[in-house]
Amino acid sequence: MSGRGDAGHPLRLGAAVRADAHDPGALTRLAAVAEAGGLDVLAVGCGAGGGEGLDAWTALGWVAGVTQRITLVADGLVVAGPPAVLARAVASLDLLTGGRAELALTPAADGGAGGAADALAEAVAVVRGMWSPGRSPLVAPGPAHPVAGAARGPAPAHDVPVWVAGSDDDAVDLAARTADGWWLDLRTTGEALADVGRRQERLDAAAARHGRAPGDLRRVLTLAGAAGAAGAAGAAGAAGAAGAPTVEDVVRLVVDAGVDTVLLATDDAAALHRWATETAPAVRSAVAATRSARGTPPAPTRSARVRSARRTGIAYDAVPAGIETVEPGDTRYPAMRSNYLRSGRPGLVLLPRDTAQVAAALTWARTQPVPLAVRSGGHGISGRSTNDGGIVLDLRRLDGIEVLDAATRRVRIGAGARWGGVAEALQPHGWALTSGDYGGVGVGGLATAGGLGFLAREHGLTIDHVRAAEVVLADGSVVRADAERHPDLFWGLRGAGGNLGIVTSFEFEVDEVGDVGFAQLSFAVDDVAGYLHDFGALVEAAPRDVTPFLIVGAPRDGQVVAHVLAVVDSDVPETIVERLQPFAMLAPLVQQAVHVLPYTGVVRRTADVHAGHGEPVSRSSLVDHLTPALAEDLERLVRSGAVHFFQIRSAGGAVNDVPVDATAYAHRSASFSLVAMGAERDRVDRLWDALAHHWSGLYGSFDTDPRPERVEDAFPPATLARLLALKERYDPDDVFRQNLPVTSTLRREPRADRPLLTP
1 MSGRGDAGHP LRLGAAVRAD AHDPGALTRL AAVAEAGGLD VLAVGCGAGG
51 GEGLDAWTAL GWVAGVTQRI TLVADGLVVA GPPAVLARAV ASLDLLTGGR
101 AELALTPAAD GGAGGAADAL AEAVAVVRGM WSPGRSPLVA PGPAHPVAGA
151 ARGPAPAHDV PVWVAGSDDD AVDLAARTAD GWWLDLRTTG EALADVGRRQ
201 ERLDAAAARH GRAPGDLRRV LTLAGAAGAA GAAGAAGAAG AAGAPTVEDV
251 VRLVVDAGVD TVLLATDDAA ALHRWATETA PAVRSAVAAT RSARGTPPAP
301 TRSARVRSAR RTGIAYDAVP AGIETVEPGD TRYPAMRSNY LRSGRPGLVL
351 LPRDTAQVAA ALTWARTQPV PLAVRSGGHG ISGRSTNDGG IVLDLRRLDG
401 IEVLDAATRR VRIGAGARWG GVAEALQPHG WALTSGDYGG VGVGGLATAG
451 GLGFLAREHG LTIDHVRAAE VVLADGSVVR ADAERHPDLF WGLRGAGGNL
501 GIVTSFEFEV DEVGDVGFAQ LSFAVDDVAG YLHDFGALVE AAPRDVTPFL
551 IVGAPRDGQV VAHVLAVVDS DVPETIVERL QPFAMLAPLV QQAVHVLPYT
601 GVVRRTADVH AGHGEPVSRS SLVDHLTPAL AEDLERLVRS GAVHFFQIRS
651 AGGAVNDVPV DATAYAHRSA SFSLVAMGAE RDRVDRLWDA LAHHWSGLYG
701 SFDTDPRPER VEDAFPPATL ARLLALKERY DPDDVFRQNL PVTSTLRREP
751 RADRPLLTP
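Numbering (full-length UniProt numbering), first residue to last: 1 to 759.
Hints are supplied without guarantee of correctness; some may be wrong.
Label-pair ranges, simulated between beta-carbon atoms [claimed, not checked]: (1) Pro706 - Pro555: 27 to 35 Å; (2) Gly65 - Ala611: 29 to 37 Å; (3) Arg681 - Ala611: 29 to 37 Å; (4) Arg681 - Val572: 20 to 28 Å.
Just so you know, these hints were derived from the structure itself, not from any lab. For each residue, glycine too, the CB sits at the ideal point set by N, CA and C.
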């Protein structure tokens, strides 16, 4: 048996079964045998007679629901309809099964314009284009499968390999040109096993013509079994009846001919069971022994196409085993490269699944000479949880939510959870946890910075509810921080946590919260300064159970429109109206909506795909009061045209009950947080810095200003001194330095008389 030899790809053994309309239940029985027997792949084809068979794709969806592990692929699928529709179907199956779908395509007997092979090449390009999410629609001008602006997506859960099946020269050439591998079915060719190696040589030659390394192409082979038990492969090393393959046959196909996926075609459950439980284990053992004896190196885990997109400075093949990765050439990369507002081009995204993997990932990442960013949800306005050419340690897999003690309302929440999911998990208990104002925000970033949300005036900041945290420190060690263990670290994590370690989970004491009133009020405002001052006065005088936020956009034709979003922690309509009525009288209402709904209706679960573009320009400050002088200056800012978004969040109340030195968030006198966003950094800085005399501090989660003096605005002198001491103890090498970095380069004693913001 000739051939290119063993490329070292992972060996996969599976079965090819029929979806027969005469016995539809047989398919699920065979699938159960294949999965229970430890096979890797199940290929499902239509039954004999074409029209007598079940639709293979529908059958795959059914099989997916009764299996948990095995990879699923349609056998001999011809692109009969729009490939964009096929792409969505495959991606949907892959997402629903957690990454178990593959795609095998066969050239049609009549490919239409351009011939069968060219038509299939167009289809493959369309499918891959649909799997690359982006803002721009997919346009493909090909004659066989034109696409005139289809919305892309969804992206599959993993990089779905595309195989081309067929035995003629056109199919071989197409596989070498555009596919991830080639699928040869000996049932259709009638060839002997001895001929397989020569077939592989044809594929190698075609790959060379197209500038591809032959070892990059995966090889799938379907062996003819039998319809009954007598035709099944025999026990290990024994020849089967009716010419069925032996263990030695299959081993030679792998180590000599270079086949890496071998499927046995059978519709007999007993034969399939013997193949799975007797022949397959013997083949795996023999292949492993042969590879060890020959010194066969393992093949790269990514194709040459994916590897060609790698960035310099990262040892991709040295990532600790078991940690999921996403590279620039992967299908999922476009959905993970950027944050909510900021675009990014990281060289590698690491997706650890537990604290131990976070520690291993961090330890390895520290050995790489590239930037490191840590991401929980990727929604942070600063956008520092992505980078260009560096490593992103993404915590989204650490999203567990567990009630530890119902009596004390103690809940453990993973740093990668989203606040919408947290609200959903707590709602059945009649609980809620004050967070931000958007369900797509990640827990980790917000719960280490502050957490100024719609329940803040009544229940305080999110950090005020943290009772313990599990933390991976810069040296890779894992500690628990609470009031008794590492209390100094526990203090710093609540307000400056991004500087001190990677929190993988929090223990919170949550609040009893039922249905709430949620109001959306829009006003036409002429006297902006007067409106802002009166809004501030009303907030400070209001009961704590109401927390309003105010948003002002850029004027349109000179008209300023203000939007108030307010939560009243009550389900009594009369109470809700009483709390909101003073705000409704501030200016002429142009639109209003008030609902009584669960907190989950305010902080909703949202999709987590971010596609930020460019560099956001956002400036933030904290103020004790909205004074008349500040209100006048803010009106000039709003009317300047430099700011397209201006927000005031209410603080005060329970936020300010906490002592100044209780947490690293020390601005406990502030009643309001201000945020302004624009497009031109220099212009925004000039206008914002001119208002510095009004500020009492900075909430770093809303600010993108890279100037180092912003650190001293966020942390008053006494707080900063404590943080510097913690930094020296827990992160002396400044590993965590991306967002408002408290680094060793800062002065130990900041000048007390330094202006808060330097123009």
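Hint by hint, here is what the structure shows:
1. Pro706 - Pro555: 27 to 35 Å: holds, 29 Å
2. Gly65 - Ala611: 29 to 37 Å: The hinted range 29 to 37 Å holds for Gly65 and Ala611, with Cβ atoms some 31 Å apart.
3. Arg681 - Ala611: 29 to 37 Å: Violated, since Arg681 and Ala611 (Cβ atoms, about 22 Å apart) do not stay within the stated range.
4. Arg681 - Val572: 20 to 28 Å: violated, 47 Å
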